[in-house]
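Asker: Residues per chain, in single letters:
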Amino acid sequence: MERVDSLLREMKDLLGPLEEKILRHPYLADLEGKKIGREKLRYFVKEQHHIITSDLRSVGLLLSRHGLPPGREFFWIVLQGEVEALNALGRFASALEVSGEEMEGYEPLPEAQAYKAYMAWLSLYGSGAEVAGAFLANFPAWGANCGRMSKTLKEGYGFTGGDLSFFELFSTPVADFEEKARLVIDDGICHGVEPKAIKEASRMLQGYELMFWDALQRISSV
Amino acid sequence: MKFTDTLRKKAHAIWEANFDHPFVQGIGDGSLDEEKFKFYLAQDYVYLKDFCRFLAIAAAKSHDLGSMGRFSGLLGLTLKVEMDLHRSICGDFGISAEELEKTEPAPYCLAYSSYLLRIAYEGDFLDLLAAFLPCEWGYVEIGARLQARGIPEHPHYAKWIETYASAEFRELTERTKDLLNELTRGAPKEKLDRLQEIFNFSSRWERLFWEMAWNRQRWIA
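So the sequence lines, in the order shown, correspond to chains E and H. To convert, take the position in the first sequence, counting from 1, and add 20; that gives the working numbering. To convert, take the position in the second sequence, counting from 1, and add 46; that gives the working numbering.
Calculated directly from the structure, the hints in this document are not laboratory data. Every residue, glycine too, gets a C-beta built ideally from N, C-alpha and C. There's no promise every hint is true.
If you want a taste of the chain H side facing chain E, the calculated C-beta under 10 Å gives, among others [unchecked claim]:
(1) 56
(2) 94
(3) 96
(4) 110
(5) 167
(6) 172
(7) 208
(8) 235
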């Protein structure tokens, strides 16, 4: 596992500035400053609906491609998370009075959806190690922002716990997630996946994460 | 030793069983029952449809434009030349193009092409090459070995042998082998073992394809 540790350290250094931009994104400050009204919050739900439904398929495909351990265990955890997220998003949508038809009919923003498009590409052409590496880099930043949103939406907007289960889900670390991801990365390297490819997938996915927040802020401040 | 030589060496027993199969030997000495050959042609035609899908995915999963062009070219050749050839030979045997299109895959035919497509969707480009090679290389080796013994009088069997023993087919196979050898240079043992496993499975499916044709295999129900 030493090579995985070393790769992850390298990735952390490489992606540190990008992560900082996500964690300090002005959308979150705008939300905390109540500059984003409930009506504009609906964009978050509608964009996420299109992302989660696509990611669900992507992870399903990854699970079908990795039917053996360690990939099976890892992608099974991720798939369960996606299913739960979709249900939880539905609860937040209800709290905001966004109907299923409205979510389906919404025309999403290309920049906000680049993440899911790249996820779909990775699930088709990428190795399990690239995906696991990209998730390890991305999930902490996404989870931290979800945690911050959850707190703000509860304290500043009056949403209750059940409404915010989507944010709670992502801000709560999943047991064994990191360990299982590391096993997938190690297995991939063992089977010839280049660490360079893992770094690239992580950089790209994290870049698209930032694009999501940028797009969300742009549309929410119009 | 080149990696493809290792693959071939480790699969030697399977490849010998393929060559010794009565269907293959029957083409070689001209004694094969024509009904079995017709069955084979129709099933091979069905197989080629999925094989085209496999080649398209290989092009999509290629690492560079050279490989992408090569697999796109092979796809074009299979769609236009090889499948046309099947239609033409089947026509000589009184099987119309319409009948050929309606042919239902036999169990081993469907299972083999499904295996290839599974590798294509699940695997990486190297996995695809390992799955593909026994088909391409196997035919070239069989063609060359049968030709060395002498061409039978049966015009279609003679044509079949001459096609696969041709310099063009040999060249195509050598290019695939070179590509696999180049891309596996420095690959870890675990990956090479996996490629050997895929190569062996495809080689075994080749054997079962002959078996299917020999028995004119049908679905039980």
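Asker: So, for every hint listed, does it hold in this structure?
Answerer: Each hint, compared with the structure:
Interface restraint check: residue 56 of chain H against chain E, minimum CB-CB distance 19 Å, threshold 10 Å, status violated. Hint status for residue 94 of chain H: violated, given a least beta-carbon distance of 24 Å to chain E, over 10 Å. Residue-level restraint check for residue 96 of chain H is violated (minimum Cβ-Cβ distance to chain E is 18 Å; threshold 10 Å). A least Cβ separation of about 14 Å between residue 110 of chain H and chain E goes past the 10 Å threshold, and the interface hint is therefore violated.
Taking 10 Å as the C-beta contact cut-off toward chain E, the hint placing residue 167 of chain H at the interface holds, the least distance being around 7 Å. The beta carbon of residue 172 of chain H is positioned within 10 Å of a beta carbon in chain E (closest approach about 8 Å), and the interface hint is therefore held. Because the closest C-beta pair between residue 208 of chain H and chain E is about 39 Å apart, greater than 10 Å, the hint is violated. With a least beta-carbon distance of about 9 Å to chain E, the hint placing residue 235 of chain H at the interface is held under the 10 Å criterion.
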